[in-house]
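Engineer: Protein chains in written order, with the working numbering: chain A, 31 to 668; chain B, 3 to 263.
A few of these clues could be false.
With a Cα cut of at most 16 angstroms, we get these calculated EDC-like pairs of lysine to aspartate or glutamate [claimed, not checked]:
#	chain 1	residue 1	chain 2	residue 2
1	A	Lys653	A	Asp599
2	B	Lys139	A	Asp212
3	A	Lys87	A	Asp212
4	B	Lys139	A	Asp58
5	B	Lys139	A	Asp599
Hints in this document: simulated from the structure, not taken from any laboratory.
All values reported here derive from a predicted model rather than from experimental measurement.
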Amino acid sequence: MAELTTLPRLLLRNARDFATRTAIREKDRGIWQSYTWAEYHAQVRDFALGLAALGFKRGDRLSVIGDNRPRLYWAQVAAQCLGGVSVPVYQDSIARELAFVWNHADVSVIVAEDQEQVDKVVALRAELPTLRFVIYDDARGMLHYKHEWLKSFADVQALGREFGRTHAGDFEAAIEQGQGDDLAFVCYTSGTTGSPKGAMITHANALETAKTAMRAEDFRLDDDYLAYLPMAWVGDAFYTLIMSIVVGFAINCPESPETVQRDLRELGPTLVLAPPRIWENMLTAVQVKGADAPPLKRRVFERFRRAAEQAEILRSEDKPIPLGLRLTCALGEFFVYGPVRDQLGLRRTRWALTGGAPLGPDTFRFFRSFGVNLKQVYGSTETTGLVSLQPSREANPTTAGRPCPGIDIKIGDRGEVLVKSAGVFRGYLKNEDATREVIDRDGWFHTGDAGFIDPRGHLVIIDRAKDVGALSDGTPFAPQFVENKLKFSPYIREAVAFGDQKPFVTAMIAIDINTVGNWAERRSIAYTSYMDLSQKPEIRGLIRDEIRKCNETLPEAGKVRRFLLLTKDLEADDAEMTRTRKVRRRFVAEKYAPVLDAFYGGGDEVELVTTITYEDGRQATLKSRARLEDVEEAPVRG
Amino acid sequence: MEIREVSKTFGGVQAVTRVSLDVTKGDIVSVIGPNGAGKTTVLNMISGFYHPDSGRIALGGRDVTDLAPSKIAELGVARTFQNIALFRGMTVLDNLMLGRHVHMKSGVLSSFVYWGLAQKEEVRHRKRVEDIIDFLKIQDLRRRPTGSLAYGLQKRVELGRALALDPKVLLLDEPMGGMNQEEKEDMARFILDVNEEWGTTIILIEHDMGVVMDISDRVAVLDMGQKIAEGSPDEVRANPAVIKAYLGDTKGGGAREARRG
Numbered sequence: 031m032a033e034l035t036t037l038p039r040l041l042l043r044n045a046r047d048f049a050t051r052t053a054i055r056e057k058d059r060g061i062w063q064s065y066t067w068a069e070y071h072a073q074v075r076d077f078a079l080g081l082a083a084l085g086f087k088r089g090d091r092l093s094v095i096g097d098n099r100p101r102l103y104w105a106q107v108a109a110q111c112l113g114g115v116s117v118p119v120y121q122d123s124i125a126r127e128l129a130f131v132w133n134h135a136d137v138s139v140i141v142a143e144d145q146e147q148v149d150k151v152v153a154l155r156a157e158l159p160t161l162r163f164v165i166y167d168d169a170r171g172m173l174h175y176k177h178e179w180l181k182s183f184a185d186v187q188a189l190g191r192e193f194g195r196t197h198a199g200d201f202e203a204a205i206e207q208g209q210g211d212d213l214a215f216v217c218y219t220s221g222t223t224g225s226p227k228g229a230m231i232t233h234a235n236a237l238e239t240a241k242t243a244m245r246a247e248d249f250r251l252d253d254d255y256l257a258y259l260p261m262a263w264v265g266d267a268f269y270t271l272i273m274s275i276v277v278g279f280a281i282n283c284p285e286s287p288e289t290v291q292r293d294l295r296e297l298g299p300t301l302v303l304a305p306p307r308i309w310e311n312m313l314t315a316v317q318v319k320g321a322d323a324p325p326l327k328r329r330v331f332e333r334f335r336r337a338a339e340q341a342e343i344l345r346s347e348d349k350p351i352p353l354g355l356r357l358t359c360a361l362g363e364f365f366v367y368g369p370v371r372d373q374l375g376l377r378r379t380r381w382a383l384t385g386g387a388p389l390g391p392d393t394f395r396f397f398r399s400f401g402v403n404l405k406q407v408y409g410s411t412e413t414t415g416l417v418s419l420q421p422s423r424e425a426n427p428t429t430a431g432r433p434c435p436g437i438d439i440k441i442g443d444r445g446e447v448l449v450k451s452a453g454v455f456r457g458y459l460k461n462e463d464a465t466r467e468v469i470d471r472d473g474w475f476h477t478g479d480a481g482f483i484d485p486r487g488h489l490v491i492i493d494r495a496k497d498v499g500a501l502s503d504g505t506p507f508a509p510q511f512v513e514n515k516l517k518f519s520p521y522i523r524e525a526v527a528f529g530d531q532k533p534f535v536t537a538m539i540a541i542d543i544n545t546v547g548n549w550a551e552r553r554s555i556a557y558t559s560y561m562d563l564s565q566k567p568e569i570r571g572l573i574r575d576e577i578r579k580c581n582e583t584l585p586e587a588g589k590v591r592r593f594l595l596l597t598k599d600l601e602a603d604d605a606e607m608t609r610t611r612k613v614r615r616r617f618v619a620e621k622y623a624p625v626l627d628a629f630y631g632g633g634d635e636v637e638l639v640t641t642i643t644y645e646d647g648r649q650a651t652l653k654s655r656a657r658l659e660d661v662e663e664a665p666v667r668g
Numbered sequence: 003m004e005i006r007e008v009s010k011t012f013g014g015v016q017a018v019t020r021v022s023l024d025v026t027k028g029d030i031v032s033v034i035g036p037n038g039a040g041k042t043t044v045l046n047m048i049s050g051f052y053h054p055d056s057g058r059i060a061l062g063g064r065d066v067t068d069l070a071p072s073k074i075a076e077l078g079v080a081r082t083f084q085n086i087a088l089f090r091g092m093t094v095l096d097n098l099m100l101g102r103h104v105h106m107k108s109g110v111l112s113s114f115v116y117w118g119l120a121q122k123e124e125v126r127h128r129k130r131v132e133d134i135i136d137f138l139k140i141q142d143l144r145r146r147p148t149g150s151l152a153y154g155l156q157k158r159v160e161l162g163r164a165l166a167l168d169p170k171v172l173l174l175d176e177p178m179g180g181m182n183q184e185e186k187e188d189m190a191r192f193i194l195d196v197n198e199e200w201g202t203t204i205i206l207i208e209h210d211m212g213v214v215m216d217i218s219d220r221v222a223v224l225d226m227g228q229k230i231a232e233g234s235p236d237e238v239r240a241n242p243a244v245i246k247a248y249l250g251d252t253k254g255g256g257a258r259e260a261r262r263g
């Protein structure tokens, strides 16, 4: 066997060297079913040969849509074995977005999880000229679908076994032909502006980034990882496919999206990757359970929680922890921290990562103080998911960590973070202009994020570079910085801050229906809907207090002066956010132009006319009135 | 299944009068009608809960008119109820396992020892129950007490409990009653899937005309205890007697007059 320059070659190595080790588990019928690397290899081979029999060739593209299922992962690797490219898509995308991606990437085969996903493809069939076959995993409800181009995963594998009999060695030969420079993935970034762009990631990108990750972090052969994040996200491709195949550790697929929390606990993964929202939800769950506990338990919990917090603060400031506190913490480990970690499924977790968006310092500190080695990571699709990472001893809630070994970072114009590494992608598919915009002549990738390197050598991200502006008096203004502070409040789900070229800072706020709803119920405030709740005077008061708290941590000029509660949440389906829940700032500013005018032109009320897009593409308009509020009694008017 | 001229009176009330219904194997047949038309009574007679005063009911050529409900269940007839009838304090899993009860053969003693046959049997039944859990997509609810579930989910669990019997004929009494549109669509999907995947014959009672017309092979309409129409959804929709029973007599304007009086 030649050098291990592609994922399929590594798969062959795993099938040989780790034949009897578990490669992937799937919870099915309530039981964890395991597949060894030898079985993983056999499944991939049969499917790949089936694809070959159907005419799938080198360079062809295969897309997967659905939840994290072993067969969807095998399909991706199978395509790569034949020299094809995997194009995972977000299953919650609306039809128009799906059609765009499938057409743009010239996808010829789509592997869909079940009837629900197949129906989406069937509805778009006429618009997808390059599509040749749709293959489904779960046959349930598919009995009456009679299309030439529709096949079951099992049938394709059976076809592959048949084909393999007459074409012995084809599979291995195809892998042999694969080179490091071949494309492995095209991952679409939803992009805060315009159409999605397909980032081309080669096998070399993938394997080099994997090497970097192994130098920066502790991966082990006997690790367990739970694959529950969207497959279309580069992070899932990186950990579930690339790292698992490179290192050889086991991937675990939850039973259904609803059972993730329970599956997490049963499994106790040793590595955990989760976006801030999941950590916040876990913390809320702990707090709710804590509040419901009988008084004695609650007091014990509170006592040890405070001790852990004190110790964590001392530790982060590199101060010695007094003996008494250390003893309390040791006791707490036995009575509180350990059991809580066990309940959350984090008992075996050696390290846990959070990334994609900032995590509130309180949440961050809570997990660290309870003995979860939580750290921040920074990366993007274009860098195969990894740029910098916090070493375990330097974890903190403010930085994005140290640049990983082999990755060069420098700060360019306007404070933009530039990255150079072997993991930097090859470019955007069929979009040379966009590629030239982000990769300069010297090979530096322009991340579009504004940041700086702190004295310790950690990277700190402030905002998207193009969003950093200045108030009319010249004070620099980074909207995301303000928004993140606002979003640390449990009652605020989304916030959009304005202030560039304006006299003061304002914010549109989308409340969190769960926490605010709960708050309202406890005070016997009746409400019927999100819209109704968001315009209650009591809720405006609640949010005003939250903003005041947040303002205390902001410089005088950067304080939020006026705000408005939106009558609906910001939605990716309405193009207000990206699929990874980043605000599409320009679009939102245009869409809510009347609000902006009212913010700075005075006026206490504004009519919101918003268009709502349903998942199937239907649209409806919603008219509502929303009040503008001043944060302080005597507002500063421009 | 064959239902021949069945009648039932409660005291002086003639609930059902000489209703006949032929149900072909593998069909979805709906019984619709206004409140008090006798729909549930017909269902109760099929499941053996009531015995008809006259007429006969046959299942696969065998007369089942006077059999006890438990005997009829053993013949492969399962049902759900208009008002959910689950064990609220028990988990979803236990409720479904209970549905397997008719198929369990181990006696008290062998179950107590739980070794050998009894264990094998338990595993076999659990496997079947897991299939149903997977089918109805309620994996996350396995260990939840049914009483704590939302109404729509309880209905789904009740369907699961009926399916656990491995029925040849499934009787559903207003499976979509009290549901919102999304829940109704889900339930309709499940009913169609049960029918398709396992070839189960389904007789259902429903108020929601839209859903009934979408999923049924045949529809029978009852009014005042009598069958006034039967046929394919399209035929029934066009039937003047049905329109009259549902929308009232257009010429009479009775309701308006009554209010005036």
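Engineer: Determine for every hint whether it applies to the structure shown.
Structural biologist: Hints versus structure:
1. A:Lys653 x A:Asp599: holds, 14 angstroms
2. B:Lys139 x A:Asp212: Since the Cα atoms of Lys139 (chain B) and Asp212 (chain A) sit roughly 40 angstroms apart, the hinted pair is violated (cutoff 16 angstroms).
3. A:Lys87 x A:Asp212: holds, 13 angstroms
4. B:Lys139 x A:Asp58: Satisfied, since the Cα-Cα distance of roughly 12 angstroms is no more than 16 angstroms.
5. B:Lys139 x A:Asp599: Answer violated: Lys139 (chain B) to Asp599 (chain A) is near 28 angstroms, above 16 angstroms.
The structure is inconsistent with the numbered hints 2 and 5, although it conforms to all the rest.
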